[in-house]
Structure formats: structure tokens, C-alpha cells
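Put the two chains together into one complex, using the hints given.
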Amino acid sequence: MRLVQRDVVRPTPVFGTAQPARGLSGALRTHAYAIPEHHARHWFFLIVADRVDVVEAWTRERPATVAMLLGGTILAAAWLARRR
Amino acid sequence: MRAVSYRGPSRLRVVDKPEPRIEDPGDAVVRITRTAICGSDLHLYHGYVPDTRVGSTFGHEFTGVVTEVGFAVEHLGPGDRVVVPFNIACGHCFFCTRELYAACENSNPHSDLMGGVYGYSHTTGGYEGGQAEYVRVPFADIGPMKIPDGMSDEDVLFLSDILPTGYQAAEMGAIERDDTVVVFGCGPVGLFAQQSAWLLGAGRVIAVDEVEYRLEFARRQPRTELVNFAEVDDVVAHLKRLTDGRGADVCIDAVGLEASGSIGHRLLGATMLQAGAAHVVGWAIDAARRGGRLSIVGVYGPPWNLVPIGTAMNKGLTLRMGQCNVKRYMAALLEHIRDGRIDPKAIITHRLPLEAAPEAYEMFAHKRDDCVKCVLMPEAA
Chain X
1 MRLVQRDVVR PTPVFGTAQP ARGLSGALRT HAYAIPEHHA RHWFFLIVAD RVDVVEAWTR
61 ERPATVAMLL GGTILAAAWL ARRR
Chain V
1 MRAVSYRGPS RLRVVDKPEP RIEDPGDAVV RITRTAICGS DLHLYHGYVP DTRVGSTFGH
61 EFTGVVTEVG FAVEHLGPGD RVVVPFNIAC GHCFFCTREL YAACENSNPH SDLMGGVYGY
121 SHTTGGYEGG QAEYVRVPFA DIGPMKIPDG MSDEDVLFLS DILPTGYQAA EMGAIERDDT
181 VVVFGCGPVG LFAQQSAWLL GAGRVIAVDE VEYRLEFARR QPRTELVNFA EVDDVVAHLK
241 RLTDGRGADV CIDAVGLEAS GSIGHRLLGA TMLQAGAAHV VGWAIDAARR GGRLSIVGVY
301 GPPWNLVPIG TAMNKGLTLR MGQCNVKRYM AALLEHIRDG RIDPKAIITH RLPLEAAPEA
361 YEMFAHKRDD CVKCVLMPEA A
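Respectively, the protein sequence lines represent chains X and V. Under our numbering, the first residue of the first sequence carries the number 1, and numbering increases by one thereafter. Under our numbering, the first residue of the second sequence carries the number 1, and numbering increases by one thereafter.
One chain only, chain V, in its complex shape (with noise of 0.2 Å):
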């Protein structure tokens, strides 16, 4: 089969792979139809994340097509078409029996830091992702949702990862009506986060990010404000003015470790002295009001980074993070999507397919041609 592969920083190619196999009777084989390139996988591509082996696929976000299965899997069968949440969860331990299935300690059992992710470095399990023609899902009956009739795959597509990553942040945020919320971030989780905080009460929500054409997108919430920062002197000063000199009830950091706009902290992580640049999550810190609550879903990675803690600790703020639990916000925000409060597939600004793969990282990586979300297709589908 053709597949990504990842050759180091910067470099990778399309190749051909060993179709894979059932391995586990709880595995199944998935035919991939769709498969997303996330903000998330230019941590990888860029050599950030730690354990990233030559030759691994990258690709958490896909739908696919079921081939095979294993004897144990009882509730998919060979042509189910299913979305599967980027989190590899067995669903019974002690964390996915709480819905922390991102914690899930048998899916990636040999690390204390997290649970398994498709195609996302050996630090978080090894496995192969699903920028391929086929991919093996483990834990057949746990993660994987069948696709209704009548949707789309690029419908529920984002299920995988990004929609539910937005939706869990404003809720991190606890949210109550009338809220100001701080959004920092516009790229597809960013955006996703903005909606989500509109539905879940936000008086105001304001969208900050420095690339014009993603505010842009931001833009497509009639409510939503925009503030660049490129164009303020000092963006946590604006955000203040904004909100009566007391700050935003509730920040969300939807950008992670390769966040523009503080040149010190670039050159701290191109140098390896922190893991990639944290400043926005100072910002946001900043940002908040005295008691007021920050969420975190931009990545960021072992093992420290320079965040004003004592910032945080003073104003007594909540502080919430974490990688998405996928599968516990699967079936509401399907129902959000069929009845049209959101429709993901609106962010997808290129299709290409699977070969394209490298200039599609490029692309998306240098923010070309206006790229929000670009969406691989492989070739057998």
C-alpha cells in the first residue's frame, strides 16, 4: 500500500508499506477514505515531538472503510463505515471507565505520560496513522463510530479529532451565559472552539490570531471579534481594554508549541532549551481575569517549558488542559452536525491527494495559499 513517511525534520516522502495485518483478535483493518493533515502532526513533521522514528506514518484524523476484523470484535464488520477518534482507548481500564480515554493506560502501557495515538511518534504507543491506504485499528469495538446513513464521510471527518478538541475546550472553560472568552488560536481547533464557546452560553467571544485570511474564517461567526496581535503593540494590553481593564472570564490556547509572536521563545525552542515556544499560554494567563479560568488543548510537549506560573497562581486562576477524550463527545456533536449548528467540513479549503501528501505539508506548515484544513484522499478510495 501506498503510505507517508516521515524521513526526519521537514522531510517526508510517499511509499509503498506492507498492507497491515490483524494482530490482536480485538484489531480491525480500516480502508482509508478521508485523512486529515492536523496542526498537531506539524509538531511531528518538524522533529518536536520526541520518539519519531524514520519511516513512521503520521495521520490521526480519518474515516475509512472496515476490511477485516479480528475474532474478538463483535460490533464492526467488514464494509462498516467508520470515523475513529485519533485516541486508542481500551475502554475498560481505570481511566476510560472515567471517559479519560486519552489517558487509557493499556493502549500505550509502556509511557506514564498518555494513551495511544494513531501515527503519533512512539512516545504515545508506536502505532502507524492513517495517512495510508490502510490503517490497523486496535480495540475495534471501543473507538471506532459507524457513519450513519446519509452522511458524509467529510461530515463527521473532523469527529476524529479537531471538533471534539474544540467543543472539549470551551467546556474545560466552564463556560457560563454571558461569558467573555478569549480564543487564541484560529486554526481549525481554534475555530471550532469559538463556535463551540458560542453554544455553550459565551456573551462575547474574541478570536486572536496574527493571520489575516484565518480571521477571516473567524469572521464567518457574525459575533465573533477579531483582534490581530501583529497589529496591536501589546496583546494582552488590547485584550484588557477589551474587557473593562479586568480581563477575559475565560482563555482558551488553541495554538500549542509553534506559536508565533515572541521571538525569544522561537529561538528557545528551534534551540531545544524549552520544548518549542509557550508563550501564548503566558498570554492567556495575562489575559484572564483575577479568578477567572484557561484551558489548554494546543500541544505542547515534554519535557518543560517557561509558562508564568506564579501569574497564575497569584490572580488564583482554574486551570484546565488536556488531550482530547474523542469518544466521549462523538455522539453529541454528531447530533450538532445533523442538525446543522455546525458544519465541519467548512474548514476544509484543499482536497489533494494522498501523493501530494509532502506539498500538502508544506503548504499547511507555511500557511500557503490560504490553507486552513487540508484533507489527503487516498487512492483506493
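The shape of chain X in the complex, shown without the other chains (with noise of 0.2 Å):
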């Protein structure tokens, strides 16, 4: 909800080119953005995009070891359903 007509457009990269939102945590973030500050589910939305962006930098920076997860849950997963 804007209130003010600013007179200088975009000065500013803050849905831009510095960190783009993206993944998850941008949808949060685009969110987020759609509530007015006044209320404090922006914040909350806010928040847990940042520590949603946390864990999708963890996992983009070691795709082997999220790989390695992934593919040791399968197979956990695989060999608990054919012991039942």
C-alpha cells in the first residue's frame, strides 16, 4: 500500500539486481511485499524468508551432499517399506 507518489523511479535494486528473491523464500518475500507494514504478518512473512533463504543457499552451494541426503532418505525410506 503506497501513501506517498515518490518523484525519482527505482533508485534503489531492492527487488532487483543485488539479491533477486527467488525460490521459496522469494515467494514468501513477494508475500510478504503485498502486506501493508502496518501489519506484523509482513515482518513474520519477512523473517521466515530469511531463514528459508538460508537453507536454499546451504543446499544450492553442496548439491553433492544434498544429493547424497536425498538419496540416502530413498533408500531408507525403500528398505523400511519392504520390511514391513
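The hints are simulated quantities; they were obtained by calculation from the structure and are not laboratory data. Cβ atoms here follow ideal geometry from the backbone N, Cα and C, with glycine treated the same way. Take these hints with a grain of salt, some might be off.
[What the hints assert, rightly or not] Coverage of chain X stretches by chain V, computed from C-beta distances (three or more under 8 Å per stretch; other residues unrestricted): (1) 53-61; (2) 64-73.
[What the hints assert, rightly or not] Listed next, the in silico SDA-like pairs over lysine to any residue satisfying Cα-Cα at most 20 Å (straight line): (3) V/K17 - X/E61; (4) V/K17 - X/R60; (5) V/K345 - V/D370; (6) V/K240 - V/G261; (7) V/K240 - V/E210; (8) V/K17 - X/R22; (9) V/K17 - X/W58; (10) V/K345 - V/D149; (11) V/K345 - V/E210; (12) V/K146 - V/E133; (13) V/K240 - V/R223; (14) V/K367 - V/E258; (15) V/K146 - V/F71; (16) V/K345 - V/D155; (17) V/K146 - V/T67; (18) V/K240 - V/L317; (19) V/K17 - V/R7; (20) V/K17 - X/T73; (21) V/K17 - X/P20; (22) V/K17 - V/G55; (23) V/K17 - X/A57.
The structure is reproduced here in C-alpha cells:
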């Protein structure tokens, strides 16, 4: 909700070039931006997005580890399913 | 270029990033020569500031040399040495024309909270900060101040934030001659608030902290009285005893949301039930006399905090607070530095290469090695 008309267009890369919002954290941020700042929900979604962003960055930087964890989880699930 | 990169709460790395470029005709690109870690950077570092994205570069206290300017920049050119205020301000909006540069409505048009700040989350505009080898400086004709010949970068580095912030804290207290001023916090901003209170005519200045080596820094102003709140049963009662039972004329909160001294507040902050710990505001309200003034420059964040507003109302306190409007104070404070009344660089305890930023943050955050102020130096400097 904008209350004031600004006369300079986009002097900041807020939604843009520096750290573009992406992934699940980006979707959460986009959702937060649609809620006015005077509602606590706005800040809640941003804080959650920040934490999701950390996890996303961690997984992006460690694709082999993530693949191993995923593979291990699938194998473990399959082994458990077979035991039943 | 090399730049500090945020990886998550309490995790930083120095990485290669693309060098900034001119994105707007009013921009300049500055090669950083000195860049400091601010106490408020720790709020980002610990994950308290909403919309702090992984990959962000912090840093809003820096000096440097202009390497490139946009075609609309008239007052700066390549080779100029500059100190840059942490506020990013357009210079001509409703707020800037009233010298409220921290509230500029053009540098952070996506938020109603405040104007733009270098390296301080997307809540303040998503600008890259100065803990890097280079930084883009928007509205380059407005913010940066050329460093006078004969002055070093470190002489003026703290004109970018903490010195004007400390001064504004004292000014917002509307100090009258012989007033008693209590300053909570002996970090860099608190130390400058104490010096500024003396400059503005205070009769007594009482510095409150629990970290002994920081209280020793405050002792350098010989008349400043010191209170270690960890050594008294009840800091508010103690301050009242020191002020004839009435309370101080002016209380200044130079601490902000990561204060120690209240387990309850810390717990509520850590669990995100409030935005950090706000008990220093409560102490300040309780320690002020009826009809006194309270000045808050310690940084707090959205959405809310537990503050005894009823006590403030019933005591008839005047509350003033805000991010510093740095540009408003730079010229006057430069004269204080030039004339030797303030020596800002005296608070620097550590000078480290930019590559050591992660260790520097950890040291500063845990107050190790008697760290008061840490300045980083990029290799290119």
C-alpha cells in the first residue's frame, strides 16, 4: 500500500539486481510485500523468508551433499517399506 | 572484487563479487579505503533485521576514493577522497528539504519505514554495503563529503555514522546547562553521545555499561561518572540515588535491541516474541525524572517491543528518537575534529584486512580482545 507518490523512479535495486528474490524464500518475500508494513504479518513472512533463504543457499552450495542426503533418505524409506 | 557476504545468522564469508557499475546518472563508484563494523551491523549479522538476504554485503561506515561518476554528477569527480553518510538521500524530497535525510522517500520507495541505507537489508532499500573493495554510491552529489586536504581517512571515517549519531542523541535530549545526562551504553555511539553531552553543556554525565574495558574508555572523559550495572542490585534505583532520588534530566539509549542485563527480554527476543531486547528503553524511562527527556538512538526493529509506555506517559517524558540525519551534522562536527575537541579515531582498537571480516565480526560481537571499534582495510586501499 503506497501512501506517497515518489518522484524518482527506482533508484534502488530492492527487488532487482543485488540479491534478487528467488525460490521459496522469494515467493514468501513477494507475499510479504503485498501486506502493508503496519501489519505484523508483513514482518513475520520476511523473517521466515530469511530463514528459508539460508537453507536454500546452503543446498545450492552443496549439491553433492544434498543429493547424498536425498538418496540416503529414499534408500532408507525403501528399506523400511520392504521390511513391512 | 572482494566483498563480505552474509551467509546466514552469525555466518559471513569474504567472496568474489562483480564490481559495482553506474546504474543511474547520479551514481558514483567509490574504491573503499576504510570501512568500519558498526554495532548495528551486529543486528544484521545475528539475523534480527527482516529481509536480510543471503549474499548481501554489509557496511555503512566507509571512506574511499571516487573512481567513476554518472553523467549527472556535478560536484564529484574521479580521484576525490570522500566520506559517505550511511543515509542514502535524494536531497530534494519532502523530508530531505527538512534535513530529515534518514527519512528520504526516494531512496527506499518500497518501504514506509525509513530511507535507504548502505548494506542494511532490503528493508532499507537493498543497497550493497561498503565492506568490499568498491561500492556504488547513489545520489552522489548529495551525500558524500570531500575529505579536506591534510585530514586522514580515519580522522573523518566516523562522520559517516557513529559520531553524528552520538551527537544527535545528545541534541535530541535538548540538554540545558548543568543538566544531568545518563547515557546507557559505552560502545562507540555511547562514547560519542557522552562527549557530545559535555559539548552541549551538561553538568553531569553518567555512563552505564557492564563491560569494564568499555567503561575505561568512558573514563577518558575525566568528569564522566561510571556505573557498572552488573555490580549494582538495581540499576534504576542506583541512578536515582545518584540524582537526589529524582532521576536524570536526560536519558540516552545508545544500546538498542541486543542489550544484556535482562534474561526475560533476551529470551523474548531470541524466540522472536519481540524484536530483540528492549529493557534499556525501560531503564531509561524509569531512570528519567518526571518531565525529563529520553533520546533513543539504539537501533530497534519491527514489529514490536515491550516498553513501559504508561510510565513514560504518566511521568510526562519527552521522547525523541530516530536514525541519524548524518548530513545535517557533518560540517559542524568536522570543525570539532579539526579544532581537536573530538578525536574520533581514538576509539579504534582494531585495524584488520577485509579478508579478516568474519573473525572481526565474531570478536566484536563477543567483545573479545577489548574490542571497541574495528576498521577493515581492503587490499586495494
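Hints versus structure:
By the rule of at least three residues with a Cβ nearer than 8 Å to a Cβ of chain V, the coverage given for the stretch 53-61 of chain X holds, with 5 such residues. With 0 residues carrying a beta carbon less than 8 Å from a beta carbon of chain V, the stretch 64-73 of chain X misses the three-residue requirement, and the given coverage is violated. A threshold of 20 Å between alpha carbons decides the hint, and for V/K17 with X/E61 the separation of about 16 Å falls inside it, so the pair holds. Taking the CA atoms of V/K17 and X/R60, the gap is about 17 Å. The hint holds against a cut of 20 Å.
Distance restraint check for V/K345 and V/D370: the Cα-Cα separation of roughly 16 Å lies within the 20 Å cut-off, and the hinted pair is therefore satisfied. The straight-line distance between the Cα atoms of V/K240 and V/G261 is roughly 18 Å, inside the 20 Å bound, and the hint therefore holds. A distance of roughly 18 Å separates the Cα atoms of V/K240 and V/E210; the hinted pair therefore holds under the 20 Å criterion. Annotation: proposed proximity of V/K17 to X/R22 holds, straight-line Cα distance about 19 Å (limit 20 Å).
Proximity of V/K17 to X/W58 is assessed by CA-CA distance (about 18 Å); at most 20 Å being required, the pair is judged to hold. Between V/K345 and V/D149 the CA atoms are separated by roughly 17 Å; this keeps the pair inside 20 Å, and the hint holds. For the suggested pair V/K345 and V/E210, the alpha carbons sit about 23 Å apart, so the restraint of at most 20 Å is broken. Distance check on the hinted pair: V/K146 and V/E133 sit about 19 Å apart at the alpha-carbon level, within 20 Å; holds.
The straight-line distance between the Cα atoms of V/K240 and V/R223 is roughly 19 Å, inside the 20 Å bound, and the hint therefore holds. Proposed proximity of V/K367 and V/E258 is supported: the alpha carbons are some 13 Å apart, at most 20 Å. Taken as a hint, the V/K146 and V/F71 pair is honoured in the structure, with Cα atoms around 19 Å apart against an allowance of 20 Å. Using a Cα cut-off of 20 Å, the hinted pair V/K345 and V/D155 holds, with the two alpha carbons roughly 6 Å apart.
Distance check on the hinted pair: V/K146 and V/T67 sit about 14 Å apart at the alpha-carbon level, within 20 Å; holds. Taking the CA atoms of V/K240 and V/L317, the gap is about 16 Å. The hint holds against a cut of 20 Å. At most 20 Å may separate the alpha-carbon atoms for a hinted pair to count; V/K17 and V/R7 meet this at roughly 14 Å. A distance of roughly 35 Å separates the Cα atoms of V/K17 and X/T73; the hinted pair therefore is violated under the 20 Å criterion.
A hinted pair counts as satisfied when its Cα atoms are at most 20 Å apart, and V/K17 with X/P20 qualifies at roughly 15 Å. For the proposed pair V/K17 and V/G55, the alpha carbon gap of about 10 Å is at most 20 Å, so the pair holds. Of the pairs offered as hints, the one joining V/K17 and X/A57 holds, with about 16 Å between alpha carbons and a cut-off of 20 Å not exceeded.
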